[in-house]
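Enquirer: We have chain A; now place chain B onto it with these hints.
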Amino acid sequence: MNSGRVSIALGLMLLLGGFGGAASGKGGDDFDHEKHRKVFPECLGCHAGVTDAARPLYPAAAACATCHDGVIERLVDWAAPADRPSNFRFTHADHARKSGAKLPADSSLACQECHIPSGAEPMTVRRTLSAQCLDCHGVRAAHFSAPDTACATCHLTLAEATALPEARVAAFGKPVSHDEAGFVTSRGHGQLAERGDGTCAFCHARDFCAQCHVNAPEVKAIQALAADARSLAIKAELAAPASHREARFLSRHGGDARRDPARCASCHTRESCIACHRTRPTIVLALPDSGSGRGIGARIERKPGYHGVGFADRHGPPARSAPGTCSACHTRAECLECHRPDPGASGNYHPAGFLTRHPVAAFNRQVDCTACHNQGAICATCHEQAGLASPGWRRPAYHDANGAFALNHGVAARQNLESCVTCHTERDCLTCHSAQAGRGFNPHGPGFDPERLRRRNPQMCAGCHGRSIPRN
Amino acid sequence: MNRGFGWGALLLFAAPVAAVGQEYLLRLDTRAQRVDYRGLEEDSIPAGEVVSGPDGGLETPDGHAVTCIGESYCHFFRAGPVRQGAPLVTSADLTAWGFGVTDLSLHANARVGLDLGTADAWPGSDPAVQLNEGYLQYAAERVTGRLGRQVERGRLGSYGHDGLHLAYRFPSLDLTAIGFAGLGLARGSALPVTSDALNPLDEFQPRERQLLVGGAIEWRRRGVDARLDYVREVDRDTRNFVSERMALSATLGPVSGWSLTGGADYDLAWGWWGTADLAIRYGGTRFGGSAGARRYRPYFDLWTLWGAFSPLAYSAVNGSVWLAPVRGLTLRGGGERYWYPEAEAETPLVGEETDGWRWNAGAGYTISPTVSADVGYQVAFGPGAASRGVDGSVSVRPLPMLSLTAEGGYQVRPLEYRVEDPALTWYGIAVGLRPAERLRIDFRATRYDENRRRPDASAIDWSQTRVSAGISWLLGTSVDRLPLPPAVRREGRP
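Going down the list, the sequences are from chains A and B. Residue 414 in the numbering used here sits at position 414 of the first sequence, with consecutive numbering throughout. Counting the second sequence from 1 gives a position; the numbering used here is that position plus 472.
No false leads were slipped in.
To give a feel for the contact side, a few chain A residues facing chain B, derived at Cβ under 7 Å:
no. : residue
1   : Pro323
2   : Thr356
3   : Val360
4   : His373
5   : Gly376
6   : Ala397
7   : Ala401
8   : Arg456
9   : Met460
Calculated Cβ distances over 12 Å to all of chain B for the following chain A residues:
no. : residue
10  : Asp30
11  : Gly49
12  : Tyr58
13  : His68
14  : Trp78
15  : Ala101
16  : Pro104
17  : Gly119
18  : Ser145
19  : His155
20  : Leu156
21  : Ala163
22  : Pro175
23  : Gly190
Ranges of calculated distance between the beta carbons of each label pair, as one might list FRET restraints:
no. : chain 1 : residue 1 : chain 2 : residue 2 : range
24  : A       : Glu180    : B       : Val789    : 52 to 58 Å
25  : A       : Thr91     : B       : Arg906    : 53 to 59 Å
26  : B       : Thr819    : A       : Arg471    : 27 to 33 Å
27  : B       : Val866    : A       : His178    : 40 to 46 Å
28  : A       : Asp256    : B       : Leu608    : 28 to 34 Å
29  : B       : Ala765    : A       : Arg471    : 33 to 39 Å
30  : B       : Glu814    : A       : Arg427    : 25 to 31 Å
31  : B       : Arg910    : A       : Asp256    : 27 to 33 Å
32  : B       : Glu521    : A       : Gly438    : 25 to 31 Å
33  : A       : Arg471    : B       : Tyr640    : 41 to 47 Å
Since the hints were made in silico from the structure, they are not lab data. Quick reminder that beta carbons are idealized off the backbone N, C-alpha and C, glycines included.
Isolated chain A (complex conformation):
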């Protein structure tokens, strides 16, 4: 080995470097090399440790006082930087030794090869110039455009670089390949990871993958990585796959899941499904449970586009024709919240303040109140307490806007019978409308088919007609 060559070699690579962002700027120790270029003609005068591990890498601070004594030059407050942890895999001595063995005998590797930009003045010292490192190693590409396989040339894996702090991990640069279309898909980074060359491990560890991959415990490529919480310093945020934004995705996702459950399993746990599909369809069992070793999975904010404005008021028709579609997202309990109302609730289906509008809404029957409310348990109970209903014959005093209401109540009854029965009983009406007692007024109106009714439920006819049920 040519010791002279080695002695010139290497050099100021010691001025550190990290993966990204460390390739420019003056030294981290704030020492202005250019200003001192006439004082220190060669690197090893100060950085003897580059070639001799027994000696320090940086000069002693007291050495500055040789000139900076307050007389010749002003006093300075300089201190040698502490050892800066890095993810470089070499020492200067090793690098010098190996390069010495590989390079032709008449060539030399000087400090400036790595620490002074090509063509620049001597002593324009920079941290590791990765482009020059790569060039020397035969990689003709910019640092983050280099092939993934080139990482190992200079770097340790994240798990090996145990001293590298989390903040430095967060500042890692991103390879250009990560911005390519399709990189986030299984055909992109998935295929790279499955290649098994361990490239991902230079920046990532298992914890990073588990941010998105809820099936991390089942993915070999992920399990091949070491666990390292520092990898969480790189945040992953995924957009939903394009398929999820298609108009009918919600109605089709069940079939897609059955055809290829593994695709869903990357981001979804059973909890993603059973949050909605509480009936646990079989396909759910193909997905992993959340729990130790995996995240909870994708959070789903679901609202089909066709719900739109005011869907609550018009959800009935589609729900009637395809209740299974609703049950993909809604639980039966959700339906019961409105369709079997909670007496303690203050507004759910109905808007705030509906109490004030309910008489009009009920009277004009915009919707079918009895689909959700039992007339006896809800309407009559409340009206009785409010003094609007009581058993027995009721005089028309309440309807005092119309002095002849009793004479014309038949029209109101046929139009709004559901409202009438929230205050009035059958007995009230039979006072007059009975064939056996009262005044014998016939209550039957348009569309009444006595023969049909007699066949279905003669007891109902007997309520007014006794045993003398007329045939027609």
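Expert: Just chain B now, with coordinates in the frame of chain A:
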């Protein structure tokens, strides 16, 4: 204590026990309300003591307008006593699985409801424990079976029953066949029709629960959903029909954003068509709307006499539109006009109203991700009732876990053939707090100030303040474990 009370109590208190060693999801909701209000009280006065009021009408000496119909006493309504209602309701919704049989699960939805007020008459709080649903389910790829208390939902409404439900899917035909049978519950209730709680006015009531039998056929192909329903109820005591109905529903969605829905039900017992509707809808990213026609006929079981009074169906045409002209702003509007046929019960002395209409308009504006506002105007006019009013709200979310809403409105609502044209102003606040992912707390206070603009003493003060608070808690064996940061995904947000 009825059987429902027992089932409900068992499931409510057994839920945490059943969850041990199993996988489960349990949602607990507790809500409380408090309101003081004043109703009416019927009274009478000898006809001889009635005086003429300033407008010439008859009234009591202290100013209550009276109704006298050829009897020795005239009748009127005066202010009733102040009543206090304070319902406290706790409900539990449980899904449990992991019983060693794949696809087997247990579902229960029950509530405990008490009225802590002096009137002890809050609607729906009797009996205190009610089991809405409680069934064991086996749901495999082709077969779903449920056994226990459950609710069947379809175009014919919700039918609760204690019985068996079976569904079988024919994937090659895109068909699902459904059948169910059991002892029925009353409509809109978790109680049987024999329950005293459903009969506060002492109506005629069946002595036995009805037998419920029904089925449905669902057909689903891309862009088409259709369902045919059939339900029959039979009185087990008399063997007479309680109901027999069938219905057809369909939704067509051949083009993205467009849908055509329609359906109708036919009452086989009465022999007449019931409710029907047909509507075409469009929902895009910037605007949408609908146009349709419908018909509404009330439905009554055959064990009541009400159907014999020939309730009329009305026919209606309607439409709605919404528009998002700029980001965050949504404008909406809709209307309906409806007609009743001849009632064949007219008298020559009184005119008959046979039509009505209603429309509404409103706007919602999301000012920023944390501030939004909404305002709406509604008008309704129909035989016997009308209203017009405006309401609005402003919601602010100063913290991700906290939402504050101020709301209010004003409304005028003459109704029920009664001499009143009350103007009602209401306003209130609502607070929503979500201190943890699976814990929600809310509070609402609303004040109603009513001015019953009657010319007589019956213009009582109905004004009231309602206060409510609630808490919802979701528990589960694994869903609340977050040992690793969750993935952050954004699903189709604009």
